[in-house]
Amino acid sequence: MKIKKGVPLIDQHDKNFMYGGKFGGNFIPETLKKPIDDLTKLFSKLRNNKNFLKERDFYFKNYVGAPTPFIKLENLTNHLGGAQIYAKVVSEANGGAHKIYNATVHCLIAKKAGKKFIVGDTGAGYAGKMLSMAARKFGLKCKIFMGAKDIKRQRPNVEAMKKNGAKIVPVTTGSQTLVDAVSECMRYWVSNCDTTHMCVGSTVGPNIFIKICAWSTAQISRELILQVKEEFGKIPKKLKLINCVGGGSSAMGFWNEFMNTDAEFIGVEAGGPAKSKLHAAPLTNNSKIGILHGAAQYVVQDKEGQIGSTESISAGLDYPGISPLHCFLKDTKRAKYTSASDEAALKAYQLVSKLENISPSLEPSHAFAEAIRIAPKLNNSEILIVDSCGDSLKDKDIIIRKLGSYSR
Amino acid sequence: MKSKISAVFKKCKEEKRPALITYTVAGDNSKNNSLKILNSISKHADICELGFVHNCPIADGSQIQNSSYRALRNGINLVDTFDIVKKFKKNSPEKPLILMGYYNLIYQMGENLFLKNCKNSKVDGLIIVDLPWPENKKFAKKCKKKSISFIQLLSPTTTKNRVKKIINDSHDMIYYISMLSTTGGKLKVSPKKILQNYNKIKRVNPNKNLVIGFGITDKTINSLKSANGVVVGSMLCKSITYSLKMGQNPVTKLDKVVYNLKNKIL
Numbered sequence: 140m141k142i143k144k145g146v147p148l149i150d151q152h153d154k155n156f157m158y159g160g161k162f163g164g165n166f167i168p169e170t171l172k173k174p175i176d177d178l179t180k181l182f183s184k185l186r187n188n189k190n191f192l193k194e195r196d197f198y199f200k201n202y203v204g205a206p207t208p209f210i211k212l213e214n215l216t217n218h219l220g221g222a223q224i225y226a227k228v229v230s231e232a233n234g235g236a237h238k239i240y241n242a243t244v245h246c247l248i249a250k251k252a253g254k255k256f257i258v259g260d261t262g263a264g265y266a267g268k269m270l271s272m273a274a275r276k277f278g279l280k281c282k283i284f285m286g287a288k289d290i291k292r293q294r295p296n297v298e299a300m301k302k303n304g305a306k307i308v309p310v311t312t313g314s315q316t317l318v319d320a321v322s323e324c325m326r327y328w329v330s331n332c333d334t335t336h337m338c339v340g341s342t343v344g345p346n347i348f349i350k351i352c353a354w355s356t357a358q359i360s361r362e363l364i365l366q367v368k369e370e371f372g373k374i375p376k377k378l379k380l381i382n383c384v385g386g387g388s389s390a391m392g393f394w395n396e397f398m399n400t401d402a403e404f405i406g407v408e409a410g411g412p413a414k415s416k417l418h419a420a421p422l423t424n425n426s427k428i429g430i431l432h433g434a435a436q437y438v439v440q441d442k443e444g445q446i447g448s449t450e451s452i453s454a455g456l457d458y459p460g461i462s463p464l465h466c467f468l469k470d471t472k473r474a475k476y477t478s479a480s481d482e483a484a485l486k487a488y489q490l491v492s493k494l495e496n497i498s499p500s501l502e503p504s505h506a507f508a509e510a511i512r513i514a515p516k517l518n519n520s521e522i523l524i525v526d527s528c529g530d531s532l533k534d535k536d537i538i539i540r541k542l543g544s545y546s547r
Numbered sequence: 587m588k589s590k591i592s593a594v595f596k597k598c599k600e601e602k603r604p605a606l607i608t609y610t611v612a613g614d615n616s617k618n619n620s621l622k623i624l625n626s627i628s629k630h631a632d633i634c635e636l637g638f639v640h641n642c643p644i645a646d647g648s649q650i651q652n653s654s655y656r657a658l659r660n661g662i663n664l665v666d667t668f669d670i671v672k673k674f675k676k677n678s679p680e681k682p683l684i685l686m687g688y689y690n691l692i693y694q695m696g697e698n699l700f701l702k703n704c705k706n707s708k709v710d711g712l713i714i715v716d717l718p719w720p721e722n723k724k725f726a727k728k729c730k731k732k733s734i735s736f737i738q739l740l741s742p743t744t745t746k747n748r749v750k751k752i753i754n755d756s757h758d759m760i761y762y763i764s765m766l767s768t769t770g771g772k773l774k775v776s777p778k779k780i781l782q783n784y785n786k787i788k789r790v791n792p793n794k795n796l797v798i799g800f801g802i803t804d805k806t807i808n809s810l811k812s813a814n815g816v817v818v819g820s821m822l823c824k825s826i827t828y829s830l831k832m833g834q835n836p837v838t839k840l841d842k843v844v845y846n847l848k849n850k851i852l
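Protein chains in written order, with the numbering used here: chain A, 140 to 547; chain B, 587 to 852.
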């Protein structure tokens, strides 16, 4: 299995939409074949259409707010000694996280497809919040599917969705988290695909949703590669790009433009509570390949193929599967994957928000945990860049409960 | 040799009625009861579909989900499911049994071992919800080799050209999904409209046995009886849920429900 140079990663699949012959594909009910086919054709037209690209760039600049800042974390670097630590503060994007890129592009596509309704899933609530924001901006009626457990633990984002006029559908089946929200959203789309556009909140699901999402979040690395060249004059030799991975949308966006450089990619999965056997880290823990939400991927499951329970303090990473693109990057050894525990993520949040003027949510705090772990072991010619892809405000309740206080 | 599925359709055509096809979930509401239910409803049903359970069923509505979760709580697995089939077929060797479920369980067991188990327990056909054409071509061929019917699905969104190709690759039975819905949705399209679509597909190859499913209950089954077959599933799962809630015996309850369904299409 090999990554081809000069071909976008999202296009490196075979005729069955499988990456490396093993990951992805379209394992979907017959009813969705045509809507997915239509969307695939529309997107391949749009991504080559100059006017559409202009439109995308216009909204990324004026609505999302491009570029998001690239900053050196001087205090953290000095505190740890060793590698120099930088952050790409994607949480400065409109709405507070990278989910705005995918949401904006999906709304633009829905408009082109002549759809008036848009539905989406959400875990941490950022995908839902951004979709509801963008839907309002573009005049689409919006429904968000969210696990009942997540509705409780990510209250601020739920409030935001309501304010944006979205209807939130609580999902009470199964684990009541992201995995069931995605299932329920797909079920809704099966029943309403003639009038409704579906946005999958991460680089998961049937192939076209993986493509649209990764194509959208790629904006992060399009900005970053310029910012890095400006800061260092070139792309530094010893560069590590560290990103949390749940479904994997922010990491794909953070790494995409660096695919053919020497930059090392480190993906950090959710290890769950230190004392628990449960986790949401299929790559780190060598889960087997299975089919989840229409795609073959490494997935937490039992021997028979029932999807396994996961546990993480971070709702956004609390997903048993992982993007087929990350499976492909793992098996081609282009990226390395590890995990951080709930406790390590909380500690990282605490340290970063104390020393620096940023406040990462619990998802990127997993990435910071890995940076904090390895930085002291490296010398100061090494550059670590962490994607601070979400803002902590949504985690206020959890942080107060775990750490006693929360301040911004 | 003609398959048992084909034989049933032939017989029903002679009797000028559609085949009644039931769907229940293996392990619902217990391993024993799901076998007892099969044994009892198969007196009235022409073909029995049995769901093998997956906990992430993206095409199933709430009724079948309830049944699936109930079965999983009872610890149902594939070994038990094949065991139920084996015992059922011992009791009713001529009654076709179709297993229905999601691909991941087959993928984990391995296609060949799964089919070997199907063969050993005398499964007659398979419906795999999330393995559409053309992705299912290879697996469908393997099924045919083992004389197991791979049942292709068609839906209102399937394009004309695609319908032709799928029918070309189909075996003894084709399943037409009545409307854009998960299983058990309220019938939001009129039976007349469903039959219009049905007849369009039927004209592509009148010799193929085409059945209609999704959203069919005792209220609507009569108006669809010109089809080669009608599938009732969610209504049966709902009846099990109801009987448990009312403290009734789900086996006798389902026997009655299926008996009534049969009378509506005679």
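Calculated from the structure, these hints are not laboratory results.
Glycine included, C-beta positions come from ideal geometry on N, C-alpha and C.
Incorrect hints may have been included.
Which residues of chain B face chain A? A few of them, derived with a C-beta cut under 10 angstroms, are [what the hints assert, rightly or not]:
id	residue
1	598
2	644
3	660
4	663
5	766
6	838
Pair by pair, the computed Cβ-Cβ distance ranges are [to be verified]:
id	chain 1	residue 1	chain 2	residue 2	range
7	B	727	A	427	50 to 60 angstroms
8	B	727	A	516	48 to 58 angstroms
9	B	793	A	155	45 to 55 angstroms
10	B	702	A	415	11 to 21 angstroms
11	A	542	B	702	28 to 38 angstroms
12	A	370	B	661	26 to 36 angstroms
13	A	150	B	677	18 to 28 angstroms
14	A	442	B	727	36 to 46 angstroms
15	B	789	A	154	28 to 38 angstroms
16	B	804	A	424	22 to 32 angstroms
Mimicking DSSO-like on lysine-lysine, the simulated pairs with C-alpha atoms at most 27 angstroms apart in a straight line are [to be verified]:
id	chain 1	residue 1	chain 2	residue 2
17	B	629	B	850
18	B	850	A	442
19	B	702	A	161
Here is how each hint holds up against the structure:
Given hint, residue 598 of chain B at the interface with chain A, is violated; its Cβ is 24 angstroms from that chain's nearest Cβ, farther than 10 angstroms. Proximity of residue 644 of chain B to chain A holds as hinted, the smallest CB-CB distance being about 5 angstroms (cut-off 10 angstroms). With its C-beta approaching chain A no nearer than about 13 angstroms, residue 660 of chain B sits outside the 10 angstroms limit, and its interface hint is violated. This hint holds: residue 663 of chain B has a C-beta 6 angstroms from the nearest C-beta of chain A, less than the 10 angstroms allowed.
Annotation: interface hint on residue 766 of chain B holds; nearest CB of chain A at approximately 6 angstroms, less than 10 angstroms. Using the Cβ-Cβ criterion of 10 angstroms, the hint placing residue 838 of chain B at the interface with chain A is not satisfied: the shortest such distance is roughly 29 angstroms. With their beta carbons about 25 angstroms apart, residue 727 of chain B and residue 427 of chain A fall outside the hinted range of 50 to 60 angstroms. Distance hint check for residue 727 of chain B and residue 516 of chain A: the Cβ-Cβ separation is about 54 angstroms, which falls inside the suggested range of 48 to 58 angstroms.
Restraint check, residue 793 of chain B to residue 155 of chain A: a C-beta distance of roughly 30 angstroms breaks the suggested window 45 to 55 angstroms. The hint said 11 to 21 angstroms for the Cβ distance between residue 702 of chain B and residue 415 of chain A, and at roughly 38 angstroms that hint is violated. In this structure the supplied range 28 to 38 angstroms is violated for residue 542 of chain A paired with residue 702 of chain B, their Cβ-Cβ distance being about 55 angstroms. Here the CB-CB span from residue 370 of chain A to residue 661 of chain B is close to 58 angstroms, at odds with the stated 26 to 36 angstroms.
Judged by the Cβ atoms, the range 18 to 28 angstroms given for residue 150 of chain A and residue 677 of chain B is violated: they are separated by roughly 54 angstroms. The beta-carbon spacing between residue 442 of chain A and residue 727 of chain B, approximately 27 angstroms, falls outside the hinted interval of 36 to 46 angstroms. Look at residue 789 of chain B against residue 154 of chain A: about 31 angstroms separates their beta carbons, and that is inside 28 to 38 angstroms. Range check, residue 804 of chain B to residue 424 of chain A: about 49 angstroms between beta-carbon atoms, so the 22 to 32 angstroms window is missed.
For a cut-off of 27 angstroms, the pair hint linking residue 629 of chain B to residue 850 of chain B stands: about 15 angstroms separates their Cα positions. Under the criterion of a C-alpha separation no larger than 27 angstroms, the hint pairing residue 850 of chain B with residue 442 of chain A is inconsistent with the structure, at around 43 angstroms. A distance of roughly 24 angstroms separates the Cα atoms of residue 702 of chain B and residue 161 of chain A; the hinted pair therefore holds under the 27 angstroms criterion.
Checked against the numbered hints above, the structure breaks hints 1, 3, 6, 7, 9, 10, 11, 12, 13, 14, 16, 18 and satisfies the rest.
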